[in-house]
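Here the structure of chain U is known, so what remains is to put chains F and G in place on it, guided by the hints.
Protein chains in written order, with the numbering used here: chain U, 1 to 333; chain F, 334 to 967; chain G, 968 to 1270.
A couple of the hints might just be wrong.
Just the calculated beta-carbon pair ranges, DEER-fashion [what the hints assert, rightly or not]:
hint, chain 1, residue 1, chain 2, residue 2, range
1, U, Val173, F, Asp732, 21 to 31 angstroms
2, U, Phe174, F, Ala616, 45 to 55 angstroms
3, G, Pro1039, F, Tyr711, 52 to 62 angstroms
4, F, Ala720, U, Leu27, 50 to 60 angstroms
In short, the hints are calculated from the structure, not lab data.
This structure is a prediction, so every number in the text was calculated from the model and none was measured.
For glycine and all other residues, C-beta sits at the position ideal for the given N, C-alpha and C.
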Amino acid sequence: MGALVYIAKRFGLYLAVLFIGLSITFLLPRLMPINPVDGYIGQIQSRANGALSAEAIAELRENLENLYGLKGNLFTQYVDYMKRIVFSFDFGPSFTYFPQPVSQMLMAALPWTLSLLLTATVIAWTLGNLVGLVAGYFHKKKAASILEFVGILLYPIPYYILAVTVLLLLAYVFPVFPLSATFPVGQMSWEKVGMIIYNSLLPGITLVLAGFGWNILSMKALAVATTEEPYVIYARLKGASNWTRMTRYVFRNALLPQVTALALSLGMVFNGALLTEMIFSYPGIGLVMRAAATGGDYNVLYGAITISIIAVATAGLVIDLLYPLLDPRIRHK
Amino acid sequence: MARHGRTWMLPIMGALMTTTVFAQGAMTDVGTPRSETMIVQTFDGRSSNPSAQNPLNSYAIWRGFRELGWAALWEMDTATGESYPELADGFPEVLNDEHTKFRVKIREGIKWSDGEDFNVDDIIFTFDTAFKYRDKLTNVSAITRLVDSYEKIDDHTFEVTTATPVYDFVTRMGVYTWGMPFNWVPQHVFEPLGDEVVTFQNAPAVTLGAYKIKEFDPNGFWQLWELREDWDESGWNIDEEPAVKYVYYKDFGTEETRALAFVQNQYDVDTFMSPDSIEAAKARNPNIETFSATFPYHDMNDACSYGIYINNQKAPYDMPEVRWALALALDLEQVGISAMSGQFKASPLPLADTPITNPLYVEPLESWLEELTIGDGYKPFNTDFGADLVETLAAQGVDQAQLPSGDAVEAGFGIGWWKHDPEQAAKMLESVGMAKGADGFFTMPDGSPWVLEFVIPGDWNKVLQRVGFSIADSWRQAGFNVNARQVDNGEFGTVQTTNARMELQINWSNSCTYNANWQNSWRNFRADNVLPADSNDALVQNYARIVDERIFDIVSESASLEIGTEEFVENGRQIAKYLTEDMQMINLMNIPTTIPTNSTYWTNFPKQDNFYAAPYTWWSSFKKTVTNVEPTGQ
Amino acid sequence: MTIDSKEMDPVTLVETPQAAEPGLFKSFLWLINPRLAVGLTILTVMGLGSFILPLFAPADPSVQATYMRNLPASGAHWLGTNALGQDIFWFLVFAIRNSLMLGVLVAVGVTIVATTVGLSAGYIGGRFERLVMLIVDTFITIPLLPILIILGSLIRGNTSFFTVGFIIIIFGWAWDARTVRSMALSIREREFINMARFSGANTAQVIIREVFPYVMAYTLVGFINTILFAINLEATLAVIGLSKVEVPTLGSIIFWALNYNALFTGHFLWLVAPIIASVTLFLGLFLTSTGFNAAFAERRGVQ
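The shape of chain U in the complex, shown without the other chains (with noise of 0.2 angstroms):
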């Protein structure tokens, strides 16, 4: 019964912090100091390099405050949204690509960032944590420091210029990835999904680059306060050897809190996006976010965010809910 509550609680406050977060999202675009209309009509007029005459511009606008349902107060501009979302998880048309349906545009670039991105989390996760586990339990050698170095060194590297170095040392120093790769399309083939994987490699190779270090040093850190915990001690003098002590005694312990990061992380890979769309012309939600927040298209942006926070909030949720089954000792409690 005490479960049943439990889960009820913390299924309360998701919903809760989804409706918070969704009103904040309705609101941060409308202070950007952009209007959506101006932008196209800016655009029209340059297209017509400067032959429209004021009353056509009047119609316009007219007709685009209509159509992009700008007309109307603040308050029920937003009984609106709330109304479209929650019944329909419809998010509206864009304003800069009238009348594309935002979910439209959402849907055809969200796989692409969630399977690089996942990967390569998740790579970057397992990979770095091994290296991290063998620095920390052996964190009296030389050479478990020279591991932590590396994570010293890759972690702090400003993103954006990791990315370049490995796009100018694998794609033009060395030329074995492209540098600007084209993406096949149309009816899927192997050998397109195989040039899809092999385009993807060199953001995936950076993605895992830059999340390689924390783990490394994350994992380090909690690897060597476990290795201090006295199971840990007795297990040595019990006579375990170093590989028994290092797997089943410091790593399943010093895992747990490894594998909230994890979820959590994957929650947020949106946040990570944006530059690896940007470097390597990979198409994407990032790229969709920037090219409407440059453009004020509120709808494309509420989409995004809208997604992003029903991500971060469901893999909290969903860690809240399997951590009792994961860690012995919160679930005796």
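Chains F and G alone, transformed into the frame defined by chain U:
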């Protein structure tokens, strides 16, 4: 860092080398023969919605539609600034004295890219659709406001009545510079849709030009065009078969990757690469060429010019002394060197100084500029600007052979600019009670602090971003407390249209006089287009905030003059004088358009000494380029 | 990813060191170990250097065209000059100072907010705690980068460079608050707290005198990590042009170097210098924070 990267990477790289075959050479990565494909960096980078191809709404214009896809009744020859008939058979016949009724004939035998005939029914259908859905379609107001009524006469003739007298019917129904306000749509594709035309995506579009869409990337990075087999029946009025079979537009990413890919011969024409990158690229690959072999290297013939637009309605910028002080405090030579390595052409008049505009406006006003005096008889014009710049560049180690000499100095760097004279600037400010305060910055006349809000583009226009920061630096050194704000293009547009937000802004949209028809940008200077200084309403087109009644009068008087007559052009020169003598906008330079080309696969691109068309890939000039280039056989 | 560093900051995840009994803080000597010594030395040198050297700067390094452009490294210009005619060495010195100032400002802000919120929520509990945690969870959920892109377009150029700092505080305190609160939770039930309460201390006194010392060790480590987080985040914002790029910071140097394509034009010093500086600064901060951690762990072992 690099060392580490390498040791880490070697094993991985070895593995990849053996498992993947990276073919480069014979075929492009979209499966066309490289020797028949011209690859072009897109004008706008990546498109967020490439499947929007319905020209009645906003659409992915920069994917080749302007130059390869659509065709206009009348196109513009970019080398001369003259219009020529494309879909139309000759020029329109003016049917009444008021210049409101026109008869247009279109050529026979034109076919859409799907083989259907193009005729007046398509034109009437497009008019009908535009008027019927004028409140739902977002790209038709140019035509619905210009045209009052229209009528089919026969399959190849129609008549149009305009709402007001129109003397530039050809460029408003056709093309001015590159701008194409309206496009015709195929009746046989659009009519069956009924009301759904308003949301119709139209991808891949059925087009009129000599090329048709072969494939496009739904993610917006590229689009591939193929020459139509029936190119001679396309909307283009051409006799000679284009040399290029495929045109492949692609975004090669950030400037870092673009520069590297260009050096690797992965594409043929770039746009807006920064001068530093071009210089480094040229050093690494001799096939990379700029528009001109000598300084200032790049194409300076864009229709518009860069200038600092001023909110002439807002204190203290409403005083000509303040505006002149800003111009004299600006060290354009240093700005041009810091931002563009000295590769620019200065222009003191509010328009670009090009081979087309020079004989019309610049040359006739040159002696006026030299004699111009302001304030207490001070002569602000510096005819030696170009010569001084050459000297400075030489002192900084630029090879003399790369620098122009003699008459070429003026052709390259312009007729001159304003003197850099901070002392005179200070004097002019003091004359209106603005002295430097304790912090070393000029104050408002009442002694309160004066912070100049200066809005410049962010990284979506790298050249202006750099120019803007350098100007701010130059002003700051002269004692102006400048806050340079780099903004996204959305906000840039909002500042442009909102008086309350605008003080100083780098801009180009009111200085686009391309030929004898100066109305294109200056007709917008009229009393209706002025809003109160602190207004939050959207301003229409008078982005330079011109409030000069004398100019308004000339503009309205010229509306009923035949374009190109001496009287008309003289009116244009008079506007230029008024704008200049009161420094109503600080014009800086022609737009330095950097269009480096790579001659590995194609040669005979438009260049300074081979100027058969403007070098742009996003104007009608590109129609000439794809016809005139020659394959190298590589 | 620099952006993620805060959310999953390595040291905050480390099991919280058991704070020493109050009173032991009277002597700091037990803290010193080699890591800490090296870390503190790096920080002292860089901190003092970047605050004292600017007093001797020959010119304001952010002014353009002070010198010839693109000069190689020499006795007069230790790291050469950049494409804007600025001295790279002096620009870097000012950059380290500004980045550090920003980092410390943010760290102070985040620590104060996070500790206050976390401690009070954890200790007071009940409805108050649920409300506070709802807010905390919401802030954790809002994705930082899109928000910063939006806010960046709002603030850039409009206000001072330190506004960037305040925005980082607003979106950065929640995670720390959550950690502090979970520590406070575990302490709440300890015996000596009850002792204090029975002996008549009010809530504020209990929190400050009894609970805070336990959280102190974490706070110190968290503080250092927040400095790092703020410096990195500002750098990311500057690289995409959302910070105030005319102010020298470690990020704005990189912004300008990339803007003038230093990597491609072969102007490596311009780009490599700020990276080496960031890595060194990071090393100093990291060694200091792990050094403290080790010292606390050592202490525990001694007991």
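Status of each hint after checking the structure:
1. Checked against the hint of 21 to 31 angstroms, the C-beta distance between Val173 (chain U) and Asp732 (chain F) comes to roughly 29 angstroms, which is consistent with it.
2. In this structure the supplied range 45 to 55 angstroms is violated for Phe174 (chain U) paired with Ala616 (chain F), their Cβ-Cβ distance being about 21 angstroms.
3. Remark: the range hint 52 to 62 angstroms for Pro1039 (chain G) to Tyr711 (chain F) is contradicted by a beta-carbon distance near 42 angstroms.
4. For the pair Ala720 (chain F) and Leu27 (chain U), the supplied restraint of 50 to 60 angstroms holds, since their beta-carbon distance comes to about 57 angstroms.
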